[in-house]
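*Asks:* Construct the entire structure; sequences and hints are all you get.
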Amino acid sequence: MTAPLLQIDGVTIDYNTKKGNLRALRDISFDVNKGEIVGIVGESGCGKSTLISTILQLLPQNAEWKKGAINFKGKNLIACSEKEMRDMRGKDISVIFQDPMQSLNPVITIGRQMVDIQHRSTSPYAEKWQKSIDMLSMVGIADAETRLKQHPFEFSGGMLQRIAIAMALMSRPDLLIADEPTTALDATLEVEIIKRLKDLHKEMGCSILFISHHLGVIAELCQRVVVMYAGSVVEFGSVDEIFFNPKHPYTRRLIECDPGHIKERAKRLPTIPGEIPDLTEALEGCIFQERCSETIAKCKTAPPPLVSVGQNHQAACWLNHNQEPE
Amino acid sequence: MTLLSVSNLKTSYGKTTVLTGVSFHIDEGETYALVGESGSGKTTLIRAIAGLAPAQDGLILFQGKNIRGLSDRKMRLFRKDISLMFQDPVGSLSPRLTVGGLITEPYRIQGMNNRDLNAEAIRLLEMVGLPADMAGRYPFQLSGGQARRVGVARALALEPKLLLADEPTAGLDVSVQGELLNLLNDLRDQLGLSMLIITHNLNIVRHVSDRMGIMYLGQLVEEGTTEDVFHHSKHPYTRALLSASPKPDPHAKMDRIILQGDPPSLLKRPSGCEFRSRCPFAKDICKEKPEWNETHGHNVRCFIPLS
Amino acid sequence: MSDPITDKETKVKMSDHRQSEFLKIVGGVAKNPLGLIGLIIVGVFVFCALFADWIVPHDPVGMNIKDRLQGPSTTYFLGTDQLGRDTFSRLIMGSQVALKVALPAVFGAMFIGLTLGMIAGYGPRWLDNFLSLIFDTIRSFPTVMFALAVVALVGPSLQTVVFVVMATSIPIYGRVARTQTLALRNSEFILAERSMGASLFRILGIHMMPNIIGVLSVLAAMDIPTVIALEAGLSFLGLGVKPPTPSWGSLLKDGYALIRQTPWLIVAGGLPIIITTLGFTFLGETLRDVVDPRLRKNR
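Chains as they are written, first to last, in numbering that gives the first Met the number 0: chain S, 0 to 325; chain U, 0 to 306; chain B, 0 to 298.
Calculated directly from the structure, the hints in this document are not laboratory data. Certain hints may be false.
Unchecked claim - Computed footprint of chain U on chain B; a stretch qualifies when at least three of its residues, placed anywhere within it, have a C-beta under 8 Å from a C-beta of chain U: (1) 176-188; (2) 202-210.
Stated by the list, open to error - Within a straight-line C-alpha distance of at most 16 Å, the following computed EDC-like cross-link-like pairs (lysine to aspartate or glutamate) qualify: (3) S:Lys194 x U:Asp254; (4) U:Lys267 x S:Glu153; (5) S:Lys194 x U:Glu226; (6) S:Lys262 x U:Glu226.
Note that the structure is a prediction, hence the values are computed from the model and not measured. We treat Cβ as the ideally placed atom computed from N, Cα and C, and that holds for glycine.
*Replies:* Structure representation (structure tokens):
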């Protein structure tokens, strides 16, 4: 069996803040195989931004790496020099963001930006221009040649996101990280972007790490899913396992709460009361205990480890341990 | 009893027409959802009703009185009864005021200074399920969910008759959306409130609204009870919207209606039926402008409605 | 869980925390070494200006011909000028003049500029165009020419200097206030206030102004040294305060003529200008850094 493309093993990151040490990532472990689409489901405060910054080794000054390793194509990213990381960013690992304007310069034409990001290639300008046209057509932008001469403000939000995807995939990266790319878009546009990503994925064979709190999109696009809560991985497995056989209370409640899940008009919608715990305080026991309705005594004293609960399915919950044969 | 009646409302911004003649009504105690995507004009519509955006033509009747085109001074009398909640929960709160100050602004603006504003603030915080000590916090210290509730408290401070809510769940985590919607439903029952909610999220519409209308390019294309529209939609755009929401079910059948092309720009509106440039069922007859067909409260603007 | 309505200890804070915010800003400035130096220099300057009458070792205006043009000594720290007056005492007195000009000029300009700028930014287009034209016109006049014109009409005095300096500074604050107002005009919280029926005064006074005054305070702190130097320049040209009132500019003027007899007059005029300019500049820049990230952090 080939080694995974991206291997995250026990990564723990703290931020030094005025209020103390904020544990943003707690013992994160999961992997992404070649050509796979892995979804990360998490709400505000789950640590997904820190996770992306950690993979790209672009953490701010006050971040402290406590332990863990990140292996990408066999290389330990934490041990890489800044130059080595720069060579990988935009080439082997690409990112698209929720706001496409985070990837685009508002005062430069699209064409020039698309040519500029091919700076590593030694091909002549004409070739780079043609490649830009091809990429734009691939993401469904009609009249690509004229469009290249326009500025970002002349495009709609959905089109800008497609351009951002085109730019990210231009170098044929091994891994595309997508941070909530459809959250700000209307439903019909969201659906289109998902379709494009699926088509592009089939054509390019890249791996995608797709982060979103929109369960419907995750269910439709991803093959495997990682569920994160307050900086910890609480469950991960194949998309079928996660949606049809969730083994963590948070995952279960999250699926219940999704309004798309509820077919008939509900008098009262389910919610998960409370907020994420204060991450600057030391934690004893499970990270979800305060908001969980199924806690047992052990939940308050020891943090549950990720254990196997099925084929290709792991969860971090003490309730699953009671089911294990002695 | 009709509380709000909008007739043939038209707004333009310079040469661009945004609303091309919108008509609908809301009865007392009813919740009406306006669904549309970016460019549909729903934000302009809600702002026109609130008196924040000028409308060039048409009528906006609130309890029978026309409020379109009123001066700020005359409109102030209605502002007690019509209140607006904005899309950006933190951004709609004045950054230099405390939560306590913010939720009692309506009293001060309406000159009701003789009340014990302290007590009112505590009462309002309790009404939306926030602790009393939150009154001393500033907007930048609030989470999205908390800021949203402060917005609700402020909007309901003077017990208005009509609440206009612009994307009330935008930016909220899924686990918290339900809380806000439950709160709105409870307050609606408690205060006898009527609500106009605009959103592009069809999933929540089903749980809060009695009736709904679908907007496209500044006009209503379908309208009816929530049940009717969801289960017996007639307009192709409605069908496309309904089928577009990805379901949290990996095995869901995806017989989607995918719309062709991008939404047309407001400067280059298609002739005839404005949806025909993207409609998968467009025929020759669609080059004419379709009329608004009313059938037992389920109305549609289409020559060939689906069954 | 106690009932919040009967819990008397729960006090709802309605007003802004202006006081504690002010202290936080001062604290932030003091933490920065340059800011601390700035605070000290400005502190000394203000102290001298306020208590000049009591702390001068000798009478700064009384003539004392027999002691004229002496060098520095234990009696006269910086020596005496051509009329026997203690240079050091005149230096300290000069700070009072500087403050008497700088404070009303700068704060007057700031409040007038703030008001006009907010009106320009929030009001109708034609008003904005009109006010912007006025701002640009005033700024295009060289200050000294403008001062000459005013003096020719009114005659030189402290009030003239204050007026000239204030008038030429108004556009600086006006333009910044206008830009800030334009930026905030369409923000959601202003729309929210309008939707509740807030009056124009309420919107500008309670919701716009506090967000603009921070930036303007930084400008003011950086403007004060300019104003002091301006006053000195006008006094040097004989357009400022009338003798025998000592101002740093007039010290420079006298010192320029007497440079062979005693160089200390120039020192007494120039050195305080340099030091206070540095002090206010350090203060202003540190203030800007302290105020800015707070605004940015508030996201």
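*Asks:* It remains to establish, for every hint, whether it holds in the given structure.
*Replies:* Hint by hint, here is what the structure shows:
Counting residues of the segment 176-188 of chain B whose CB lies closer than 8 Å to any CB of chain U gives 3, so the stated coverage by that chain holds, three being the minimum. Check result for the segment 202-210 of chain B against chain U: holds, 4 residues qualifying (beta carbon to beta carbon below 8 Å, three or more required). In summary, the hint linking S:Lys194 to U:Asp254 is supported, as the alpha carbons are separated by about 13 Å, within the 16 Å threshold. Our distance criterion of 16 Å between C-alpha atoms is met by U:Lys267 and S:Glu153, whose separation comes to about 14 Å.
Restraint check: the Cα-Cα separation between S:Lys194 and U:Glu226 comes to about 29 Å, which exceeds 16 Å; the hinted pair is violated. A threshold of 16 Å between alpha carbons decides the hint, and for S:Lys262 with U:Glu226 the separation of about 12 Å falls inside it, so the pair holds.
Comparing the model with each earlier hint shows a violation of hint 5 alone; every other hint is respected.
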